[in-house]
Amino acid sequence: MLKTTPLNAIHRAAGARMVDFGGWDMPVNYGSQIEEHHAVRRSAGVFDVSHMRSVDLEGKGVRDFLRFALANDVAKLKLPGKALYSCLLDESAGVIDDLIAYYFRDDWFRLVVNAGTADGDIDWLHRLNALAGHGVALRSRDDLAMIAVQGPQAREAFWRAFPETRAATESLVPFQAARVGDDIVVARTGYTGEDGFEVSCPADEVATLWNGVVAAGARPCGLGARDTLRLEAGMNLYGQDMDTGASPFDAGLAWTVDLAGARGFFGRKALEARPRACDFLGLVLEDKGGVLRAHQIVLAERGEGEITSGTFSPTLGVSIALARLPVGTAPGEKVRVQVRDKELAARVVKPPFVRHGKPLI
Amino acid sequence: MNLPPELKYTASHEWARLEADGTVSVGITDHAQEQLGDIVFVEPPKVGRQVAAGESVGVVESVKAASDIYAPLAGEVVANNDELGASPERINADAYGAWMYRLKPADAADLAKLLDSAAYAKASAE
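If you read the sequences in order, they're chains A and B.
Using our numbering, the final residue of the first sequence is 361, and nothing's skipped along the way.
Using our numbering, the final residue of the second sequence is 487, and nothing's skipped along the way.
Hint data in this document are derived by calculation from the structure and do not stem from the laboratory.
Among the clues, some could well be false.
[Said to hold, decoys possible] Straight-line alpha carbon distances no greater than 25 angstroms define the calculated SDA-like cross-link-like pairs of lysine to any residue that follow:
#1 A:LYS78 with A:LYS3
#2 A:LYS342 with B:GLU367
#3 B:LYS465 with B:GLU395
#4 A:LYS76 with A:ASP20
#5 A:LYS3 with B:GLN396
#6 A:LYS342 with B:ALA447
#7 A:LYS60 with A:PRO80
#8 A:LYS288 with B:ALA440
#9 B:LYS465 with B:GLU444
#10 A:LYS288 with B:GLU367
[Claimed, not checked] Output of the computed footprint for chain B on chain A, the stretches with three or more beta carbons under 8 angstroms from beta carbons of chain B:
#11 63-76
#12 127-133
#13 310-318
Idealized CB from N, CA, C, for every residue including glycine.
Using the sequences plus the hints, can you model the full thing?
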């Protein structure tokens, strides 16, 4: 039995093609994935991301606990509402999950984690909590739903629909959130490389949010467009671009690991001792003849690599990919990719491929 | 399901149409393009190639996935629809207009062995 979000009936009524996404019955598109993609790059789109899980952590020791549990350092979060992206590492520095941590109060942080990994994350956090002894209370917020309104006109669309939120959310900078109701959080975050908000709210209020932003001009978008948008933006997908078999350094996430000072976060020793397995970079297909896809083999100057995510980029009109390449591979290098029975030429680039509507490669 | 009754079908989601010159045009069904989503690349079999019925002869790729295309009949490939090279999305817009390649069948009687629209509808609903 697939899990459903509170917007399931709305998706079906809108003609969505539904798929099983990690046990969730989710819309992959509402007709054309490419048109949905362009809507987000050019104006505004809205995604149901209610399958993602919010986990509240409460208690006096919560900041110290998260400084121990996360590879990035929540000490950087000084203003209520500020957020950061981090990996959760295991004992060998493999990535258990990637998440966003929000600071609301000195005794209250929230983690927003991936759907498929949520239960495992919570078990893991309980273990670390027992280990660290900060006595943090963990609460899985299964009562919350979430939408993402994304695109250059996304915030305006949201404010047209809910003008009463404007004063509290207009001054938000990227990676900052505001609480605009008892349990409504508006965050200037996303997974598309465009401006916008991710809004979480009680499950029974999410239809009002969805219908409001759609009426204000945001186009319903499925997980298909979400994937091509995030890939163009050079953002990793958990389970594909990284997992417990990869360290953050092998997944292009060194920028999310804070090694300043002697902070003893879990997995640090293993991470510092672990040799780098690969360079994580982008590819742009230069030959005609197919589409780059996960698991295709890359033949580079220094050896073999592997694509972890690949697609056709609607913005660039060419195929692009994220790949694990031999250590020392540099942007600009020409490689060959095994696509079915052919070897096609591709160029190594440094992601992202597209940001704020503009090609970067 | 949009299934023109004058066409023949395969369980692997191709359609086949007998043309006036005796060749058979082949494409993928409307159901197939809907399942695949936005199509971004088509590789038809090379002109001159001899193909067997049911043989994998080419590829269609959508944003989502790559999918093989099969020959509904034995015969020789005599033409490709070159328009699809630059505009593969035509398959999404008009699956039965956007033929991918044409075959000169080894035996025109083989066409009668393919599924009719009702049989295809039943097969693809399973």
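The hints, checked one at a time:
For the proposed pair LYS78 of chain A and LYS3 of chain A, the alpha carbon gap of about 37 angstroms is over 25 angstroms, so the pair is violated. Our distance criterion of 25 angstroms between C-alpha atoms is broken by LYS342 of chain A and GLU367 of chain B, whose separation comes to about 37 angstroms. For the hint pairing LYS465 of chain B with GLU395 of chain B, the CA-to-CA distance comes to about 28 angstroms; that exceeds 25 angstroms, so the pair is violated. Restraint check: the Cα-Cα separation between LYS76 of chain A and ASP20 of chain A comes to about 37 angstroms, which exceeds 25 angstroms; the hinted pair is violated.
At most 25 angstroms may separate the alpha-carbon atoms for a hinted pair to count; LYS3 of chain A and GLN396 of chain B meet this at roughly 22 angstroms. Our distance criterion of 25 angstroms between C-alpha atoms is met by LYS342 of chain A and ALA447 of chain B, whose separation comes to about 20 angstroms. Restraint check: the Cα-Cα separation between LYS60 of chain A and PRO80 of chain A comes to about 15 angstroms, which is no more than 25 angstroms; the hinted pair holds. Under the criterion of a C-alpha separation no larger than 25 angstroms, the hint pairing LYS288 of chain A with ALA440 of chain B is consistent with the structure, at around 20 angstroms.
Our distance criterion of 25 angstroms between C-alpha atoms is met by LYS465 of chain B and GLU444 of chain B, whose separation comes to about 20 angstroms. For a cut-off of 25 angstroms, the pair hint linking LYS288 of chain A to GLU367 of chain B is broken: about 35 angstroms separates their Cα positions. Counting residues of the segment 63-76 of chain A whose beta-carbon sits less than 8 angstroms from any beta-carbon of chain B gives 0, not enough to reach three: the coverage restraint is violated. Counting residues of the segment 127-133 of chain A whose CB falls under 8 angstroms from any CB of chain B gives 0; the rule of at least 3 is not met.
For the segment 310-318 of chain A, the proposed coverage by chain B is satisfied: 3 residues have a C-beta within less than 8 angstroms of a C-beta in that chain, meeting the threshold of three.
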